[in-house]
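We have chain E already, so just place chain P on it with the hints.
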Amino acid sequence: DGGITQSPKYLFRKEGQNVTLSCEQNLNHDAMYWYRQDPGQGLRLIYYSQIVNDFQKGDIAEGYSVSREKKESFPLTVTSAQKNPTAFYLCASSPGTGFPPSSYNEQFFGPGTRLTVL
Amino acid sequence: QQQVKQSPQSLIVQKGGISIINCAYENTAFDYFPWYQQFPGKGPALLIAIRPDVSEKKEGRFTISFNKSAKQFSLHIMDSQPGDSATYFCAALNYGQNFVFGPGTRLSVLP
Numbered sequence: 003d004g005g006i007t008q009s010p011k012y013l014f015r016k017e018g019q020n021v022t023l024s025c026e027q028n029l030n031h032d033a034m035y036w037y038r039q040d041p042g043q044g045l046r047l048i049y050y051s052q053i054v055n056d057f058q059k060g061d062i063a064e065g066y067s068v069s070r071e072k073k074e075s076f077p078l079t080v081t082s083a084q085k086n087p088t089a090f091y092l093c094a095s096s097p098g099t100g101f102p103p104s105s106y107n108e109q110f111f112g113p114g115t116r117l118t119v120l
Numbered sequence: 068q069q070q071v072k073q074s075p076q077s078l079i080v081q082k083g084g085i086s087i088i089n090c091a092y093e094n095t096a097f098d099y100f101p102w103y104q105q106f107p108g109k110g111p112a113l114l115i116a117i118r119p120d121v122s123e124k125k126e127g128r129f130t131i132s133f134n135k136s137a138k139q140f141s142l143h144i145m146d147s148q149p150g151d152s153a154t155y156f157c158a159a160l161n162y163g164q165n166f167v168f169g170p171g172t173r174l175s176v177l178p
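Residue numbers (the numbering used here), protein chains in the order written: chain E, 3 to 120; chain P, 68 to 178.
Isolated chain E (complex conformation) (with noise of 0.2 Å):
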């Protein structure tokens, strides 16, 4: 059964804590995402990886760590220094990056984590 998981469903944590959440996938897909998602808002990019031992920087990087060790797994860390970390984190991942664009592109997304500070 493929598909990508993330857990836990639901997390909380104290203020200055730091967290790992985690997301693994089957699909045997080259790149992977992580999305902030706050109410009324749109998905934001805060890491992605196109490859084992790489990764970049999305738009809203700062607070926020991720490692690549494993083609299926991409955990991210949300540290103390993240100002406003209570969201709902989406966990994706696409066959590649090819061009031009098409469903090779396409990402598939994780059920999520609705992390919670105290």
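Hints were generated in silico from the structure; no laboratory data involved. Please read all numbers here as calculations on a predicted model, not as lab measurements. One or more hints might be untrue.
[To be verified] List of simulated lysine-lysine pairs, PhoX-like, C-alpha gap at most 25 Å: (1) K124(P) / K72(P); (2) K109(P) / K72(P); (3) K72(E) / K85(E); (4) K109(P) / K11(E); (5) K72(P) / K135(P); (6) K59(E) / K85(E); (7) K109(P) / K73(E); (8) K135(P) / K59(E); (9) K73(E) / K16(E).
[Unchecked claim] To list a few chain P residues with every Cβ distance to chain E over 10 Å, as calculated: (10) Q73; (11) S74; (12) Q76; (13) Q81; (14) I87; (15) N94; (16) E123; (17) G150; (18) N165; (19) L177.
Note that CB positions come from ideal geometry on N, CA and C, so glycine has one too.
Just chain P now, with coordinates in the frame of chain E:
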């Protein structure tokens, strides 16, 4: 400009009616335009996508209309059903860059 504008912010339609959501962009380098459907508490799922070399694409009750000269594209949901109630996002992709998403439209279809 990397922004994608989307309207309306929310939409209420009667069952059986047509739902229309509009998006506009500035960057002429965008050349792939997907629409995503998201139910509460779930991740978005691809609904339908279009390349700018066609003006219309239809899949079941869902149709994308694309106007390249106006830099606009829209999603039409025919015979809208209560099960279509969700948030819809348009997006645009430029090769070598990443997807840019619109802010979303919350659709409610009344029974």
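Hint-by-hint comparison with the structure:
Taking the CA atoms of K124(P) and K72(P), the gap is about 21 Å. The hint holds against a cut of 25 Å. Simply put, K109(P) and K72(P) have alpha-carbon atoms about 23 Å apart, close enough for the 25 Å limit, and the pair holds. For a cut-off of 25 Å, the pair hint linking K72(E) to K85(E) is broken: about 29 Å separates their Cα positions. Restraint check for K109(P) and K11(E): satisfied, since their Cα atoms lie roughly 10 Å apart, inside the 25 Å limit.
Straight-line distance between C-alpha atoms of K72(P) and K135(P) comes to about 15 Å, which keeps the hinted pair within the 25 Å bound. For the hint linking K59(E) to K85(E), the alpha-carbon distance of about 17 Å falls within 25 Å, and the restraint holds. Proximity of K109(P) to K73(E) is assessed by CA-CA distance (about 24 Å); at most 25 Å being required, the pair is judged to hold. Proposed proximity of K135(P) and K59(E) is contradicted: the alpha carbons are some 31 Å apart, above 25 Å.
For a cut-off of 25 Å, the pair hint linking K73(E) to K16(E) is broken: about 31 Å separates their Cα positions. For Q73(P), the shortest C-beta to C-beta distance to chain E comes to about 8 Å, within the 10 Å cut-off, and the non-interface label is violated. The Cβ of S74(P) sits about 13 Å from the closest Cβ of chain E, beyond the 10 Å cut-off, so the non-interface label holds. In this structure Q76(P) is not separated from chain E by more than 10 Å, as the shortest Cβ-Cβ distance comes to only about 7 Å.
Here Q81(P) stays apart from chain E, with its beta-carbon at least about 24 Å from theirs, past the 10 Å limit. Its beta-carbon lying about 19 Å from the closest one in chain E, I87(P) satisfies the requirement of being farther than 10 Å from that chain. Annotated as non-interface, N94(P) keeps its C-beta farther than 10 Å from every C-beta of chain E; the closest such distance is 13 Å. The beta carbon of E123(P) sits about 18 Å from the closest Cβ of chain E, which is more than 10 Å, so the claim that it is off the interface holds.
With a closest Cβ-Cβ approach of about 19 Å to chain E, G150(P) is found to remain outside the 10 Å limit, as its non-interface label requires. For N165(P), the non-interface assignment is contradicted: its Cβ lies about 6 Å from the closest Cβ of chain E, within the 10 Å cut-off. For L177(P), the requirement that its beta carbon stay farther than 10 Å from each beta carbon of chain E is met, with the minimum near 22 Å.
Hints 3, 8, 9, 10, 12 and 18 from the list above are not met by this structure, while the remaining hints are.
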